[in-house]
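From first to last, the protein sequence lines stand for chains A and B.
So my numbering is basically just the index in the first sequence, starting at one, shifted up by 1.
So my numbering is basically just the index in the second sequence, starting at one, shifted up by 351.
You may find that some hints are simply not true.
As the list claims (entries may be wrong) - Once the Cα atoms are required to be at most 16 Å apart in a straight line, the calculated EDC-like pairs of lysine to aspartate or glutamate come out as:
1) B/K477 x A/D106
2) A/K213 x A/E191
3) A/K98 x B/D502
4) B/K487 x A/D106
5) A/K213 x A/D174
6) B/K479 x A/D54
Think of the hints as simulated: they come from the structure by calculation, not from any bench.
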Amino acid sequence: MTRVPAAAGFGVALVLALTGCGILPAAPSPAPTDFVPSPSQSPGEMTGALSPDGFSAAQRMSVRVRNIGCGFLATGSGFALDEHTLVTNKHVVDNAKIIEVSTYDGRVIQATAASTTTIADIAIVTTEEPLGTSYASRAEADPAEGDVITIVGYPSGGRLTTTSGVVLGTTTDPLAAAAGSVLASTAIVEPGSSGSAVFNAAGEVVGVVYAKNNSEQSFIVPISTLNALLDEPSLLVPDTEGCSS
Amino acid sequence: MTEQVPPNAGSPVSKSSEVPDFAQTPTAHWAPTYSDPPTITIPVVLPLNQHARVWMLLSGVLGIMLIAALVIVGYLWNVNGKWQDQVTSLTTTGYDLGDRLADHQKQIDQLESTNGLLTDQLATAKDKVLNLSDEKAQWSDQTAFAQQQVDLLTQQVTEAQDVLIKLGRCVEGEQQLVEYLGTVDQYSPTQVEQYRNSVAGLCASASAAQAEFQRSLTE
């Protein structure tokens, strides 16, 4: 008769001991040796990181085009597609004897050749000397009505200028020179802005400025047309330099 | 050697091993003799009463619990020491981090101030670069335009020299014709007429060149 209560008591004590160990506070785990987290992103990797010289990519890829013709001098704008290729308007380089390109930082580069097309007011100019380090990222689709756009160029042949506007929609070419539709926008441009790159909010090129009207509306060759031209080089014809008259 | 007798088997007795087993011994000579009873030593273990057993059990349990409590106290003492060590370490680390944070905050303030200044300087420098680039472009335009003007003037001077040469030949021809007419008896009329026509052609060409030159000047 005395063994049963003893065993029961021992069992109860054991259960209490085991369950008691469960509610006892544990010893602290080893403290971390370093409380300073490692940086997850370097400043250079952040979105909108500064450029090496403080100018934006859009400014660095924009160029001023000087057309030294036979008895005339004209200026326009353009933007770099790659190290040796830039895009501008056909009417900017028409009848050129010499084409010179000025970069945002004042470098003057001689153009070696130009190609134009009849389906749009677009010219592709090549250079031997590198244009710079920033090149255009072309969008896949045209901007929609109401999209905010930014134009970077050299209005009136003056200093590099940035202006913004809104896409009004597609329309026919007011100059009746281009095939297909073009875009109209509220961005104010001037003579000399022709060939300026049009950027969307993501910094992609969505068109090329080529004209304006008396209502201060600007007209843009859509990026789809430029992409089609670049995808089909046979549509571009080398422009013969020299004086036609 | 004793044997515990179950409590329900009558009076609990313990029998010594020296006690003869009367139950198994033949009883031929056995007869109870009341005058001389055998001496039997029977150690008797008195039964524990219920309270004693409870107290023993309680004492055992309490003893176990005391031992367990002592173990727990020792364990808690150890854990407490470790926690106190870690708290001390963390407090030291906290103060160290606080000092470093304060230093960094001070550096951030200084860097923000410097950054603001550099941002202004960068904006000014960018503006200056754009202005200088624009000035250079304008100068290049003017140079290109001036070169065009020089080319045009050079072309005009060349054309003027050509006109002057033609006019000079015309004048020389006219002067020679005057001399021929002064000594007309030395030449046949046909020769004089041919020379007059030749001079007229030269002068007509000079006049045409002069007219073309004047027209080009007015363009």
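Hey, B/K479 versus A/D54, does the alpha-carbon distance stay inside 16 Å? holds (13 Å)
Open item on the list: A/K213 and A/E191 were given as a pair; does the straight-line alpha-carbon distance stay at or below 16 Å?
Closed with: Holds: A/K213 and A/E191 sit about 8 Å apart, inside 16 Å.
Is the hinted pair B/K487 and A/D106 satisfied, with a Cα-Cα distance of at most 16 Å?
Holds, because 10 Å separates the two Cα atoms, which is no more than 16 Å.
Do the alpha carbons of A/K98 and B/D502 lie within 16 Å of each other, as the hint requires?
holds (13 Å)
Quiz prompt | Satisfaction of hint between A/D174 and A/K213, Cα-Cα up to 16 Å | solution = Satisfied, since the Cα-Cα distance of roughly 11 Å is no more than 16 Å.
Just to be careful, I want the Cα atoms of B/K477 and A/D106 compared with a cutoff of 16 Å; is the pair within it? Within the cut-off at roughly 9 Å; holds.
Against the hints set out earlier in the document, no violation occurs for any number.
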